[in-house]
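Peer 1: Given the coordinates of chain A, assemble chain B onto it according to the supplied hints.
Top line first, the protein sequences correspond to chains A and B.
Residues in the first sequence are numbered from 1 upward in steps of one, following my numbering.
Residues in the second sequence are numbered from 1 upward in steps of one, following my numbering.
Derived from the structure by calculation, the hints contain no laboratory data.
Note that the structure is a prediction, hence the values are computed from the model and not measured.
Check the hints yourself; a few may be wrong.
Distance ranges between label pairs, derived from CB positions [as the list claims (entries may be wrong)]: (1) B/K165 <-> A/A8: 27 to 37 Å; (2) A/A118 <-> B/G33: 18 to 28 Å; (3) B/T237 <-> A/L7: 43 to 53 Å; (4) B/I27 <-> A/H114: 18 to 28 Å.
Beta carbons are placed, not taken as given, at the ideal position from N, Cα and C, and that holds for glycine.
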Amino acid sequence: MDQLFDLALFNSALRILTPILLAALGGALCARVGLFNVGLEGLMLIGAFTAIVGNHYFENTFLAILFAIVCVCAFSLLFAFLSIHLQANVIVVGIAMNFLALGLTTFSLRTIFHVKGAYYDKEMVGLPKWNIPLIKDIPVVGDIFSGHSPLVYLSIVLAGLLWYYFYRTVNGFRFLAAGSNPLAARTIGIHVRRYQYGAMIACGVLCALAGAQLSLGQVTMFTEGMTSGRGFIALVATMLGQSGPLGVLGASALFGFMDAFSIRLQGVSWPSHFTQMVPYVVTIIAMFFFRDKGFIKDAQNAGSSTR
Amino acid sequence: MHKIGAWLLSLRGPLIAIVIGLLAGSIAILVAGGSIAETYTEMWKGAFGSFYFFTSTLSRATPLILVAMGAAVAFRSGFFNLGAEGQMAFGGLSAALIGLHVPGPGWFVCIVAMLGGIVAGGLWSAMAGYFDVRFRVNLLITTMLLNYIASLFAGYLVTYPFKDKTGAGAMAQTQMLDHAVWLPKLFKGMTVHAGFVIAIAAVVILYVYLARSVKGYEARMLGGNPLFAVYGGVRRTSLMLTTMFASGGLAGLAGAAEVLGSQYRYIDGSFASADYAWTGIMAALLANGNPIGSAVGAFFLAALQTGGMGVELNTDVPLEIGSVIQAVLILFITVKFSWRFMRRKKGAIVDGSAV
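Looking at chain A on its own, in the form it has when it is part of the complex (with noise of 0.2 Å):
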């Protein structure tokens, strides 16, 4: 067993949470008001290639995962006006999304850089890899926090920034009000498709973080269709945690642990497949007990309030 848990497994837990935590805290957002966000996947694809893009063009990091941002923002606007403005079913666009990620980044991978498959150049530079003074020599601790891309860092300080929007402002109040009951929360005057289209433009933000983190963050390299399910694996952490910031901040630890053991498996020739099966079999256990609304409120619902 030595050889499975040691520190570098936390460590490279760390590591693989971060794109799945960003993704899931954008899922969460868009959640909290309504709009069940299925494109996740998409969107961080299209954030990992476009901080390739960036990188290749600006040869500068900052100035690549700006371009990613940009980017992303511009696909989840298009989302946000398809399903806010024009009512277009949510879960059909978001599954749309997907489609389009993946044609679209492969189709210009190969259009921009005439490669097939991966895009690798040993001439770009990747995020660099920070050691924080004070922790880096605290013995455990600092073996698991040392040593990470600074979005590794910014994504648990998003999570905490996020739980304080939520539950310590007027505004993130104001913010759930708009999710959890959309005709009253407009009777008193908020508006909640201002709402609506912050989170989804924060979403696209927290994508393109998650997508920059997969392809300059660890390999400086993109490869086709390289999110490779984390977007859904997200959503399920979006879910599992509630929509709540740490309860996702929770589930995302737990599925990048679990995917760093199954990984570390690997080498010891066992099947990983059933280690990979951890994050949805817990999901679904965990649905059992944090049940939802009857079909009948939730077609009360539906129709008492349209977005």
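Peer 2: Quick look at chain B alone, frame taken from chain A:
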């Protein structure tokens, strides 16, 4: 006359979506440095250019139609079944295992394998339905999560216990099925197989069920207005379980037909990489769950895909042009729902009646 006018009007949304999709495709072609006319000609040729290409479009459409029917039957009854991928995987794997291990004459084993596929997919899907009616666990989310569990479990089975150890490759797949068990091809040398006939039969049966049968009427009522349906005495629980079984069963049949008709073995991840499940679900959503519309949608999406392959072969434009057009089209086709929605709202204001 009025009916034809309404019908034409209902086509307006999809047509605009197709135009936007093709426009987006044109932009992508220009960016890739190709010629628009040439690319679209090649795309048309790739999908319908010759009898061979036409039948390969039909062959790709086969699983899509079956999945779309599965999604449509659930969708019309008001349930979102997003679990086609897992149901397809289990259906395909069961068919492969039955085809390998059940003794008997070829045609018999083939039928049993297909039934096995239906049962495997159906039970997996009905389980999600049971969770919803009994424990109120959201159906949409469970079906989506069960995808991963099914795909991973099927992956485990073909990586370890049922792995093909005869071949030299280390692929995670079952052994090749015996010739006698294969679904026959419809034309010699063409890829389209008898599964296509089954798919068309499924479309007809589903159409008759939804439009002409009492149960189908109840299902549509439940989808249209659940409160009214329950008030009117529709038994939601039993209807949901049977609907979910049928929905998953059709997805399972899609997997079984794909295994028995074209791959002849279950290969880990082959359904997921071809995106049969999600494309089929999209086809059903495009037509708002109408069986015939969904089948046409599935055929159209299949044509975009095979057309993309033609583009790849004969021009410098990558084959993903098909996916780009498809995705943009789907993005904008959903807008159609909202137009209908807005019109209904306006109408309600004008004549003052409650719809």
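Peer 1: If you check each hint against the structure, which ones fail?
Peer 2: Per hint list: zero violations.
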